[in-house]
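*Asks:* Using the numbering used here, the letters of the sequence shown map in sequence onto residues 179 to 447.
It should be emphasised that the hints constitute simulated quantities derived from the structure, not laboratory data. Given the structure is predicted, the values throughout are model-derived calculations rather than measurements. Just so you know, even glycine gets a beta-carbon here, dropped at the ideal spot from N, CA and C. Accuracy of the hints is not assured; some may be wrong.
[Claimed, not checked] Pairwise CB distance ranges, derived in the manner of DEER restraints:
hint: 1; residue 1: 217; residue 2: 283; range: 21 to 29 Å
hint: 2; residue 1: 319; residue 2: 192; range: 19 to 27 Å
hint: 3; residue 1: 206; residue 2: 367; range: 27 to 35 Å
hint: 4; residue 1: 429; residue 2: 376; range: 45 to 53 Å
hint: 5; residue 1: 211; residue 2: 310; range: 38 to 46 Å
hint: 6; residue 1: 283; residue 2: 369; range: 30 to 38 Å
hint: 7; residue 1: 407; residue 2: 214; range: 44 to 52 Å
hint: 8; residue 1: 211; residue 2: 442; range: 12 to 20 Å
hint: 9; residue 1: 192; residue 2: 348; range: 20 to 28 Å
hint: 10; residue 1: 348; residue 2: 375; range: 32 to 40 Å
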Amino acid sequence: MTAAILIGANRWQSDTRGLHARMQAASVAVTPEAYDAGELEGLPAPVQRYFRTVLKDGQPLIASASGEHTGTFNMSETEEQWRPFTSNQRVVTRRPGFVWDARIHMAPGMNVHVRDAYVAGEGLLTAKLFGLVTVMDQPSSPELDQGELIRFFAESAWYPTALLPSQGVAWEAVDEAHARATLTDGGTIVTLVFEFDAEGLISSVRADRRYRAVNGTQVPTPWQGRFWNYEDRDGMLVPLEGEVAWLLGDGPKPYWRGRIERIEYEYAP
């Protein structure tokens, strides 16, 4: 069993490195190299407040990032079966992409490896016990691609320069506390509503339709991410804690709660 676990871990890591390389190969140069507050002219008022709060003029634009998370994940669609996880994530901001590599601890000595990714315009979601035995595998599809781009977009609060108009984000006014943002990557277009708190920080993001697997069928469902505990990282304010949930008829159903333990940035050019 020990040998099988080692083989599974090595294969898993090799596949993850391959996705990292593919994501990097699809990346494009981030321009401009630095944030200029003049870029905010004409943006909705809460969006302008957000950027003025979390960025300083001249802040280098983020090209990529690496981070580590800890938290809990609900393994059941209908019950509360929370299990602890640890994860690593690699992100490229242009072309947008990420690879989330998690270990969910099911029991002593028993881990499920989960890889959630958006690479070169394609979504991917797979889980394997010990990195060997497949328990879930969702290849790229229009529904999954959209869902993974939504995840990238929502998590941009961790990479705030990726939300600037120069990085392909189109902002529309909603009211004094909300704004609508749209991101396009190839043929996939996603729109989120961002909510900003009294301090000007992103407190939540919402998608009206993100596809959720229900008994093998993809069902469009409202979805929400929440953020809090902002701290300075490399001169930017980013949230260190968050929760994501499906918004069902009987109320929110959270399935991920986590904390950033480490995040490191690489900048343009």
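*Asks:* Each hint: holds or not?
*Replies:* Hint-by-hint comparison with the structure:
1. A beta carbon spacing of about 43 Å between residue 217 and residue 283 contradicts the range 21 to 29 Å that was offered as a hint.
2. Range check, residue 319 to residue 192: Cβ separation about 25 Å, and the 19 to 27 Å hint holds.
3. A beta carbon spacing of about 18 Å between residue 206 and residue 367 contradicts the range 27 to 35 Å that was offered as a hint.
4. Distance hint for residue 429 and residue 376: a CB-CB separation of about 25 Å, inconsistent with the stated range 45 to 53 Å.
5. Between residue 211 and residue 310 the Cβ separation comes to about 44 Å, which falls inside the hinted range of 38 to 46 Å.
6. Distance hint check: the CB atoms of residue 283 and residue 369 are about 35 Å apart, consistent with the given range 30 to 38 Å.
7. The supplied range of 44 to 52 Å is broken by residue 407 and residue 214, whose beta-carbon atoms lie about 29 Å from each other.
8. Between residue 211 and residue 442 the beta carbons are some 18 Å apart, a value that agrees with the proposed interval 12 to 20 Å.
9. Remark: the range hint 20 to 28 Å for residue 192 to residue 348 is contradicted by a beta-carbon distance near 38 Å.
10. Checked against the given bound of 32 to 40 Å, the beta carbons of residue 348 and residue 375, roughly 23 Å apart, lie outside it.
In summary, the structure is inconsistent with hints 1, 3, 4, 7, 9 and 10 from the numbered list given earlier, while agreeing with the others.
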